[in-house]
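Novice: Work the whole structure out from these sequences, hints included.
Quick mapping for you: the protein sequence lines, in order, are chains A and B. When we follow the working numbering, the leftmost residue of the first sequence carries the number 378, and every step to the right adds one. When we follow the working numbering, the leftmost residue of the second sequence carries the number 442, and every step to the right adds one.
These are calculated hints, taken from the structure and not from any lab test. Here the structure is a predicted model, which means the values were calculated and not measured.
Heads up, incomplete: computed chain A residues facing chain B, CB under 7 angstroms, no partners named: (1) 592; (2) 618; (3) 711.
Even glycine gets a Cβ: it sits at the ideal position worked out from N, Cα and C.
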Amino acid sequence: MARVRTGVRAVSAVLAAVLGATLAGCSATGGKRAEERAAKAAQGRAAVDTPRWTFAMVTHSGDGDTFWDIVQNGAKQAAVKDNIKFLYSHDVEGNKQAQNVQAMIDQKVDGLIVTLAKPDALKDVLAKAKKAGIPVITVNSGSEKSKEFGALTHIGQDEVIAGEAVGEQLNERGKKKAVCVLHEQGNVGHEQRCDGVKKAFKGDLQNLYVEGTNMPNVQSSIEAKLQSDKDIDAVVTLGAPFAPTAVKAAEQAGSKAEVDTFDLNAKVADALQSGKLGFAVDQDPYLQGYEAVDLLWLYRYNRDMLGGGRPVLTGPQIVTKDDAKTLAEYTKRGTR
Amino acid sequence: MSAPATAPVQEAPDERLAHRSRLRRLLGRPELGAVVGAVAVFVFFSTVADSFLQASSLSTVLYASSTIGIMAVPVALLMIGGEFDLSAGVMVTSAALVSSMFSYQMTANVWVGAGVSLLTMLAIGFFNGFVLTRTKLPSFIITLATFLMLTGLNLGFTKLISGTVSTKTIGDMEGFDSARAVFASHLTIGGVDLQVTILWWLGLVALATWVLLRTRVGNWIFAVGGNADAARAVGVPVKSTKIGLYMAVAFCAWVSGQHLLMSYDVVQSGEGVGNELLYIIAAVIGGCLMTGGYGSAIGSAVGAFIFGMTSKGIVYAQWDPDWFKFFLGAMLLLATLLNAWVRKRAEATK
Numbered sequence: 378m379a380r381v382r383t384g385v386r387a388v389s390a391v392l393a394a395v396l397g398a399t400l401a402g403c404s405a406t407g408g409k410r411a412e413e414r415a416a417k418a419a420q421g422r423a424a425v426d427t428p429r430w431t432f433a434m435v436t437h438s439g440d441g442d443t444f445w446d447i448v449q450n451g452a453k454q455a456a457v458k459d460n461i462k463f464l465y466s467h468d469v470e471g472n473k474q475a476q477n478v479q480a481m482i483d484q485k486v487d488g489l490i491v492t493l494a495k496p497d498a499l500k501d502v503l504a505k506a507k508k509a510g511i512p513v514i515t516v517n518s519g520s521e522k523s524k525e526f527g528a529l530t531h532i533g534q535d536e537v538i539a540g541e542a543v544g545e546q547l548n549e550r551g552k553k554k555a556v557c558v559l560h561e562q563g564n565v566g567h568e569q570r571c572d573g574v575k576k577a578f579k580g581d582l583q584n585l586y587v588e589g590t591n592m593p594n595v596q597s598s599i600e601a602k603l604q605s606d607k608d609i610d611a612v613v614t615l616g617a618p619f620a621p622t623a624v625k626a627a628e629q630a631g632s633k634a635e636v637d638t639f640d641l642n643a644k645v646a647d648a649l650q651s652g653k654l655g656f657a658v659d660q661d662p663y664l665q666g667y668e669a670v671d672l673l674w675l676y677r678y679n680r681d682m683l684g685g686g687r688p689v690l691t692g693p694q695i696v697t698k699d700d701a702k703t704l705a706e707y708t709k710r711g712t713r
Numbered sequence: 442m443s444a445p446a447t448a449p450v451q452e453a454p455d456e457r458l459a460h461r462s463r464l465r466r467l468l469g470r471p472e473l474g475a476v477v478g479a480v481a482v483f484v485f486f487s488t489v490a491d492s493f494l495q496a497s498s499l500s501t502v503l504y505a506s507s508t509i510g511i512m513a514v515p516v517a518l519l520m521i522g523g524e525f526d527l528s529a530g531v532m533v534t535s536a537a538l539v540s541s542m543f544s545y546q547m548t549a550n551v552w553v554g555a556g557v558s559l560l561t562m563l564a565i566g567f568f569n570g571f572v573l574t575r576t577k578l579p580s581f582i583i584t585l586a587t588f589l590m591l592t593g594l595n596l597g598f599t600k601l602i603s604g605t606v607s608t609k610t611i612g613d614m615e616g617f618d619s620a621r622a623v624f625a626s627h628l629t630i631g632g633v634d635l636q637v638t639i640l641w642w643l644g645l646v647a648l649a650t651w652v653l654l655r656t657r658v659g660n661w662i663f664a665v666g667g668n669a670d671a672a673r674a675v676g677v678p679v680k681s682t683k684i685g686l687y688m689a690v691a692f693c694a695w696v697s698g699q700h701l702l703m704s705y706d707v708v709q710s711g712e713g714v715g716n717e718l719l720y721i722i723a724a725v726i727g728g729c730l731m732t733g734g735y736g737s738a739i740g741s742a743v744g745a746f747i748f749g750m751t752s753k754g755i756v757y758a759q760w761d762p763d764w765f766k767f768f769l770g771a772m773l774l775l776a777t778l779l780n781a782w783v784r785k786r787a788e789a790t791k
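Specialist: Spelled out as structure tokens, the structure:
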């Protein structure tokens, strides 16, 4: 540990030394100062005087995932409003996610929010939660197993329905041949999205796997795909960070294919506005986090349950050029 | 290849000094097997994939190869010097993150951020080498620790500073255009669009080859990897050589990181994990021994090229994507086996 600290200290010393040089090399355009006046995320105080309950969220997210960051932002803001102590943990591997859920049960939390991307791994531990009397709400993925595992309700987007919305949109735009770019091989939700597109799309759809953790690889793979088949007129990415890369790949390959994507972020909103992207399908991750916490609070406070316990859908919402303009502000602050 | 620095004074003519024909010398080069493997992979995909031979496809393959190749060069040198660096993949992401966040948060010219990033990376490289030579622990442990720490720092700092897990866009900041020209521009040569990373790659390979074969430092690297104790006994500065090699890895990580940043202008903090293995694979396919003391920089380039051809060739061939990873593994295994076979034949004819 001492060595870690020395390393950090050395790095910060270097940073401090260069600070002087910075003043001489300021940028007059862009940067933090230019955006400091931009919207601040809502900062609030508790709006209720219910006891300070503890709610925990355990997801299947990988490290540093933009999408899950927005979910957390939603959950945290609802937690502030509802006077809730909010805990979060995540692990991509099913069994480790289950261990994390167990750890939360051991801490005797007052409510649990879990994702069911790998439902079988979580079956037993959710039974334990039920036995311990902890109310559970599932979010994002796993709507079909949610009831069976004893959750109060499910909040999220049905991936197949979202995919179908994309397929229909592609039909409307007169596309004939599309590529579905999967950035995580073996992710059930991703497969479902592409299956949904395939179901509704009247043209031909092919899947392409890319290494999501290696952007140049994503770019060169899409380039290669577009070069190998000049008839492709649409590229669908499954995550917002990959859409701008797909646009670059299409430019590089000299392809006229339109790029469309699942999910939103600031860059996607910009690209939609400038017409580089066709459309995005948003499942509103902020709402998934916010509603989950809020519903747990409502349940504890008033035994309420939205939709009578049937899945509550947060998407799909098709976002095009005009919507992007109004959403840009919110994508920048990380809530859309 | 033995360590030249350890060669004792000979009275009788040494077989190592005996004149060998040009062909013999060529056959003894470490990258020969890889070249044969590369030709085989190239011919294979040229026949199964119609669009593989287009000039534009070749430029895509070269781009894919160059992003691995830039890092495979110092990783190969490091392997010749007898060490590994498992932090190389994440270090690339760190380089991009530091550069982007410093420019943005300080509202500084993009080049200032790039400078800070370079210093930070060299410090991390120095840290790797220094701790390694000080503690004498295996490089596997040291760089695995650095890998984990960097992964955490990337995420932690980005979240702390930017509030989200990706950086803010710096595309509208001063100095971005010139930085992009250096690290992420395109060149059109004979109607073919080439990414500037290919030039960086070739330049680094040339530089590393010159250092390895024509300078004293090159001799030190072979000596340190061949037998560190013997090298130390004849006055090779073992510690500084190893620290220097880790700093070379850090420098190339900086170059790759700047390419990532200038090319995509926003960086995701979770990227880069797993890439360190690709660099090592490229070096090994290119003829570097896992045990050190043997290999070449050109070989690492050929290895990266084989990897680039295979991973993109599968897409050009339009094979069922469910089997992508299997095909990739099988092709690499075949290329490496061919490589080993050719090398054995070459050594037998010496």
